[in-house]
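Asker: Protein chains in written order, with this note's numbering: chain A, 1 to 185; chain B, 186 to 279.
No lab work stands behind these hints: they were computed from the structure. A portion of the hints provided could be inaccurate.
What the hints assert, rightly or not - Cβ pair distances, simulated, as ranges:
1. 185/A / 194/B: 33 to 39 Å
2. 162/A / 266/B: 37 to 43 Å
3. 242/B / 103/A: 43 to 49 Å
4. 185/A / 260/B: 34 to 40 Å
5. 252/B / 111/A: 21 to 27 Å
6. 245/B / 74/A: 44 to 50 Å
7. 238/B / 12/A: 46 to 52 Å
8. 101/A / 229/B: 50 to 56 Å
9. 242/B / 30/A: 35 to 41 Å
Note that the structure is predicted; figures quoted are calculated from it, not measured. Note that the Cβ used here is the ideal one computed from N, Cα and C, for glycine as well.
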Amino acid sequence: MTPRESISIIENMINLTKGSVRENAWYFYFFGVLVIICSLLNLMFMRMGIPEGGIVWGLMAIGGVIAGIRGYRLGKSGKASTHIDKLYGYIWLAFGLSFIVIFIGLAKLSDAGMYLINPITFALAAGATFLSGQLMKFNPFVFGGLAMFAIAIVQLFVGPQAQLLLNVLAVSIGYLLPAYLLSKS
Amino acid sequence: MKPLDPILHSQLRLAIMSLLVSTEKAEFSFIKEKTGATSGNLSVQMNKLKDAGYLTIKKSFKDNYPLTTCTITKKGRKAFESYFDNLKSYFPEN
Numbered sequence: 001m002t003p004r005e006s007i008s009i010i011e012n013m014i015n016l017t018k019g020s021v022r023e024n025a026w027y028f029y030f031f032g033v034l035v036i037i038c039s040l041l042n043l044m045f046m047r048m049g050i051p052e053g054g055i056v057w058g059l060m061a062i063g064g065v066i067a068g069i070r071g072y073r074l075g076k077s078g079k080a081s082t083h084i085d086k087l088y089g090y091i092w093l094a095f096g097l098s099f100i101v102i103f104i105g106l107a108k109l110s111d112a113g114m115y116l117i118n119p120i121t122f123a124l125a126a127g128a129t130f131l132s133g134q135l136m137k138f139n140p141f142v143f144g145g146l147a148m149f150a151i152a153i154v155q156l157f158v159g160p161q162a163q164l165l166l167n168v169l170a171v172s173i174g175y176l177l178p179a180y181l182l183s184k185s
Numbered sequence: 186m187k188p189l190d191p192i193l194h195s196q197l198r199l200a201i202m203s204l205l206v207s208t209e210k211a212e213f214s215f216i217k218e219k220t221g222a223t224s225g226n227l228s229v230q231m232n233k234l235k236d237a238g239y240l241t242i243k244k245s246f247k248d249n250y251p252l253t254t255c256t257i258t259k260k261g262r263k264a265f266e267s268y269f270d271n272l273k274s275y276f277p278e279n
């Protein structure tokens with residue numbers, strides 16, 4: 001075996017362990033659609049003058065549990081678990097834990113705090129999406145994450161209803177479009 | 186040019202170690218599928234790597250079927266890194 005053949009074997013085998021990246025598209029589709037549903041329902045309740053409309057975001061917690069169970073089951077049934085697969089999990093776990101702390105903190109600020117929840121959540125999600133994109137070496141998620149950062153900044157300067165519409169735009173650019181491109185790649 | 190570890194300098198053993206270096210653990214069937222090796226040959230080569238202390242083999246059961254799981258050891262990872270570093274010496278820098 002020549003040294004060049006050795007390099008070729010190493011390269012081919014390491015590339016074969018990266019095949020599961022496409023499965024990540026499911027999570028981005030799932031949470032993208034969930035954010036759109038929650039945003040539009042919240043907007044509808046807001047326009048109807050129902051102040052408790054924000055409760056629809058509880059669906060995200062249920063979604064988090066469903067995604068967690070799916071990830072755990074896939075991890076258990078998978079024939080191999082890569083270090084990169086684990087890193088994705090840790091990135092999004094860090095996002096979830098950061099969100100819980102920030103949510104509790106902002107809830108204590110009442111209305112002013114709730115006004116900040118969308119831009120801060122998207123800034124966190126943008127960071128996790130950007131890192132996931134870099135790990136996957138898949139630029140649509142990298143650019144999607146950057147676009148979400150920009151949208152989070154815009155959200156700081158608009159009213160609550162416009163924030164909810166910007167949520168739809170953010171997940172469309174940051175989650176759904178890259179997920180579609182990933183599943184077709 | 187630096188010498189290459191003879192345990193790793195074999196097509197199938199190098200392929201096994203390359204798969205394990207980027208996974209936490211891998212099932213025997215996964216390695217078989219990715220390398221395209223026969224079960225018998227794979228077992229023999231994996232045992233050679235195990236005897237060298239480069240990987241551990243755990244046998245258990247999953248849904249009533251026997252399950253063999255392989256994990257690279259610290260010694261194996263270090264040997265793989267040294268092999269890769271030594272391999273680079275065969276390619277003069279441009």
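Asker: With reference to the structure, classify each hint as holding or not holding.
Answerer: Hints, one by one, checked against the model:
1. 185/A / 194/B: 33 to 39 Å: 35 Å, holds
2. 162/A / 266/B: 37 to 43 Å: 53 Å, violated
3. 242/B / 103/A: 43 to 49 Å: Taking Cβ atoms as reference, residue 242/B and residue 103/A lie about 46 Å apart, which means the hint holds.
4. 185/A / 260/B: 34 to 40 Å: With Cβ atoms ~37 Å apart, the hint holds.
5. 252/B / 111/A: 21 to 27 Å: 55 Å, violated
6. 245/B / 74/A: 44 to 50 Å: About 19 Å separates the Cβ atoms of residue 245/B and residue 74/A, which means 44 to 50 Å is violated.
7. 238/B / 12/A: 46 to 52 Å: 25 Å, violated
8. 101/A / 229/B: 50 to 56 Å: For residue 101/A and residue 229/B the Cβ distance comes to about 53 Å; the hint holds.
9. 242/B / 30/A: 35 to 41 Å: 37 Å, holds
Checked against the numbered hints above, the structure breaks hints 2, 5, 6, 7 and satisfies the rest.
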